[in-house]
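Build the full structure now, drawing on both the sequences and the hints.
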Amino acid sequence: MRFSGKTIVVTGAASGLGLAIAGAAEAEGARIVAIDRAQSPFPHARTCDVADEAQMAAAFAGLERIDGLVTSAGIARRAKVDETAMADYDAVMAVNVRGAFLASKCALPLMRARGGSVLHLSSGVATTGTRNRAAYSASKGAIVSLTLNMALDYARDRVRVNCLCPGFVNTPLLASMPPERRARLAALHPLGRLGEPEDVAHMALFLLSDHAAWITGQAIGVDGGFNVGHMDDI
Amino acid sequence: MSNGKLNGKVAVVTGASKGIGAGIAKAFGAEGASVVVNYASDKAGADRTVAEIVKAGGKAIAVKASVAEEADVKHLFAETRKAFGKLDVLVNNAGVYQFAPLEQVTEHEFHHQFGVNVWGTIQATREALPLFGKDGGSVINISSVVSRKAIPGSAVYAGTKGAVDTLTQVLAAELGARNIRVNAINPGMVESEGTHAAGFIGSDFQKKTESSSPLGRIGQPRDIASVAVFLAGNDAGWLTGEKIVVSGGF
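Here the protein sequences line up with chains C and Y, keeping their order.
If you read the first sequence in this note's numbering, its first letter stands for residue 1, the second for the next number, and so on.
If you read the second sequence in this note's numbering, its first letter stands for residue 1001, the second for the next number, and so on.
No wet-lab data here; the hints were simulated from the structure.
For every residue, glycine included, the Cβ atom is placed at its ideal position computed from N, Cα and C.
Among the clues, some could well be false.
Using C-beta positions, here's what the derived DEER-type ranges look like [what the hints assert, rightly or not]:
| id | chain 1 | residue 1 | chain 2 | residue 2 | range |
| --- | --- | --- | --- | --- | --- |
| 1 | Y | Lys1208 | C | Ser4 | 34 to 42 angstroms |
| 2 | Y | Lys1134 | C | Glu64 | 46 to 54 angstroms |
| 3 | Y | Pro1130 | C | Pro179 | 32 to 40 angstroms |
| 4 | C | Asp82 | Y | Gln1220 | 51 to 59 angstroms |
| 5 | Y | Ala1056 | C | Glu28 | 21 to 29 angstroms |
| 6 | C | Glu28 | Y | Asp1135 | 24 to 32 angstroms |
| 7 | Y | Ala1083 | C | Ser176 | 28 to 36 angstroms |
| 8 | Y | Ser1211 | C | Glu196 | 37 to 45 angstroms |
| 9 | C | Glu180 | Y | Arg1178 | 20 to 28 angstroms |
| 10 | Y | Asn1007 | C | Gln39 | 36 to 44 angstroms |
Take a look at the structure:
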């Protein structure tokens, strides 16, 4: 199996994409260290706030080697700039940016000896304008920049760093939407459907594996074509 | 790698007599695909690619066709239909390049490179369409890092690859409804017969490229082939319109 003997830390592993990626990696032999504010369904699950430095240091305590890191913990708020409460802005930035930064800071000392693969979760909205998601879009743009920087800073330690920019995926966040809005969202993707968490997990595992040995510093869309443009007849 | 990821699929790889194309064709064969190994002139190279696939237990045929010539491309897909009856994966890999300072760029060279790299890609994709079944298919265009990283002397070649990037996006949007996915791989410098012949391997250009590549090495055909296998397979079922840079970070 691709990940036998490998330890992969996944933040946000209790739900959504983090859960799908961690589950798929575990099925291929990885030992998953699951970090989430909620309890994750993995043997090595640690409950903590990814934005809290002391809690994260505790969550990483005792780990001797890390082969992969996936930063999937994320939250979203729907609002434009003038309607955003600064507390919401701070919450989004804390989890999405500070959380990914802090997880990297904790993991890198344990990855540099042998090399490894870091995968951040950005979003299609980082590079495509989307309405009503000001703080969320900005946080995901920051993740792309963080990816570029880390790819350069740690390449000579053989740590590859990439990020994924998913389109709209069938996660609990979307499940609560009215069917008509879900259909509208699906139509934004040239392949005509929303993504499934597995669609993103397949690419995540590919980037974590040695098959992607020459790929670093990339922001890769897994989005049914969302990024190439809308499918409305004009 | 050989997990039968492409079992039952039929793939055409253009320009597969050597280099990246041969690497992709062999990886596809090892993963269970039936492979049409296209070549424009190097029959011996194509036969070698086929022989290696067959020796490893795979299925492959060689078909001669220049992707810039309409009659040749029609012949390529007619032979594909005859041998395997359908098509699931098309890799538009056939390409030519010549680097030259602007003063030495000629109209002939411009048309030659655009003819193979751009028109060849469009024409091969067009002629492949009727062979894709109701489940759609995967088109993989081999572009280059030069479309986004400016290298002096590459105006014509980089122009062709910029066009390949753009048409990849357009065709992804245009063919998405038929479940035909269209993606590009943008490789950095790869060690191949082509880069050896061009004098890149062992040159200062290679050293400069490696020193400005985060992962510190040029690529091998297998680095590109593993990405092509992923894009060709069902695991990439929601991936279209992407340009995946495989360059060690260059």
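The hints, checked one at a time:
no., hint, result
1, Y:Lys1208 <-> C:Ser4: 34 to 42 angstroms, "39 angstroms, holds"
2, Y:Lys1134 <-> C:Glu64: 46 to 54 angstroms, "51 angstroms, holds"
3, Y:Pro1130 <-> C:Pro179: 32 to 40 angstroms, "36 angstroms, holds"
4, C:Asp82 <-> Y:Gln1220: 51 to 59 angstroms, "52 angstroms, holds"
5, Y:Ala1056 <-> C:Glu28: 21 to 29 angstroms, "24 angstroms, holds"
6, C:Glu28 <-> Y:Asp1135: 24 to 32 angstroms, "25 angstroms, holds"
7, Y:Ala1083 <-> C:Ser176: 28 to 36 angstroms, "50 angstroms, violated"
8, Y:Ser1211 <-> C:Glu196: 37 to 45 angstroms, "42 angstroms, holds"
9, C:Glu180 <-> Y:Arg1178: 20 to 28 angstroms, "25 angstroms, holds"
10, Y:Asn1007 <-> C:Gln39: 36 to 44 angstroms, "39 angstroms, holds"
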